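Chemist: The lines below spell out each chain.
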Amino acid sequence: MNVELVLFGAFALLTLLSAGLVILARSPINSAMALVSTFFFLAGIYVLLWAHTVAVVQVLVYAGAIMVLFLFVIMLLNLGESAHRGKPTLSRILGGASAVGLLGVLGITLSRVPAQPANLGPQAQATFGTMASIGQSIFTQWLLPFEAVSLLLLVAMVGAVVVAKSRI
Amino acid sequence: MVPITYYLLLAAALFCMGMFGVLVRTNALVVFMCVELMLNAANLTFLAFARMHGDGIGHVSAFFVIAVAAAEAAIGLAIVIAVFRSRGTVNVDDIRTMKH
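Taken in order, these protein sequences are the chains called A and B.
Per this note's numbering, residue 1 is the first one in the first sequence, and the count goes up by one each step.
Per this note's numbering, residue 1001 is the first one in the second sequence, and the count goes up by one each step.
Derived by calculation from the structure, the hints in this document are not laboratory data.
Note that this is a predicted model, so its numbers are computed, not measured.
Beta carbons: idealized from backbone N, C-alpha and C, even for Gly.
Treat the hints with caution; some may be incorrect.
Covered stretches of chain A (in silico footprint by chain B; criterion: 3 or more residues with CB under 8 Å from a CB of chain B, positions within the stretch not fixed) [claimed, not checked]:
1) 5-19
2) 31-43
3) 47-54
4) 102-110
5) 114-121
6) 145-158
Here chain B stands alone, though its shape is the one from the complex (with noise of 0.2 Å):
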């Protein structure tokens, strides 16, 4: 049997990685892959305890992310769209017009 342990490490270094990953990059694109790699981390960890207690309240949990990871990409993508659209670049260095 594999200690639960183990998954919830797995799951934080895949929540690092995607953090690291929105963090650094400057695509658009690849920080909303990372944001969907730190949601599957927290799916991960959701399991591991539903897993750990033994009840399923965890994949009805894993559920609902799974289904607002689902909305989030929809939204996101649309959004990327409309600044390439007027801007021209999807380069979050470029993009800064509320920045002040």
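Just chain A, with the same shape it has in the complex (with noise of 0.2 Å):
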């Protein structure tokens, strides 16, 4: 037993765990704080595939600003425990059969991947899933989509000011 496989089942089985209060937990607070937890052990899943920025980034931006945004609005609209649970109409079993379903297919599929990590030499190691690199490779190979990422936002914002807002 190696530590990396240990800490990955750790963090893999709370991961799986506070997902699964997510969708199960009656009141939207307790899903949000679940997700938040969530979050935080993703984070620590990504450290562990050496994306040590985007792990950053994740906590920064999902757990900090945009869960912010959920319980935000969570509580500026006041809502509680929802009352009756949603009915089990037949599109909500079909739709729940076809999740499980395919997470079958998927598992199926995914553990015939041949998939062993590359072995990354002492230079590779040293510059993967740094700021410097990726950094570099968003302004120099893939300026454009990340001009359209930032334009994107600008256009969400903008959005998200119009729609909310009962009379502009």
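Since each chain comes alone in its own frame, lean on the hints to assemble the complex.
Modeler: Structure follows, in structure tokens:
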């Protein structure tokens, strides 16, 4: 048993547990808090994949900004526990069953992917997943998508104000 | 060394849990949270394949996914607020004006 496998097992178990809480909790506040812990444990998994920069961004943007937005909206709308559970309609049962079926199909497919992590040399180990190397490829090879994303964020910002404001 | 397959299976499980929540839950806010869960599963897949091939493009894609998720959350929550203001509910079963 090596340390990496034990850490992966612990983080994976906690991630799945809190993701289960997200979809099963009755009150939206509990769902949101479970989602925050899911993001934290996923950041741990990202670190195990040597993606420490993405892990930090995950905590800053997801667990920080996006979840604050969610909690803000939940408290603004003052949503308590849902008084009635949704009726188990046919479409809902079919939806749940198809999600479970998809899990089965994905599991069978992905377990056949020949997958060993690449053996990175000392040179690559020093640069893999660092802010410098990611920034370099964002601002050279992927500059156009980056600008498109910035435009998307601008549009989303304006759109959110326009949609949520009652009178302009 | 943990095989990449484990990470991929974790991502698949996370995606399916998110999909289950989207299809089964009735609260629009919880549905949005489950969409975030699915986006995170996609991110995990990107990072797992980046580690498998030892190149950083997957990390760049994960950044873009995070930015798109932020935009989606902002717009989606604005729509939820607008719907709540006009209908007084965020239950997706009660919002079916466009269903015909």
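Chemist: Taking the hints in turn, state whether each one holds.
Modeler: Hint check:
1. 5-19: Answer holds; 6 residues pass the 8 Å Cβ test.
2. 31-43: holds (count 6)
3. 47-54: holds (count 6)
4. 102-110: holds (count 5)
5. 114-121: Coverage by chain B holds here, the residue count being 6 at a Cβ distance below 8 Å.
6. 145-158: holds (count 8)
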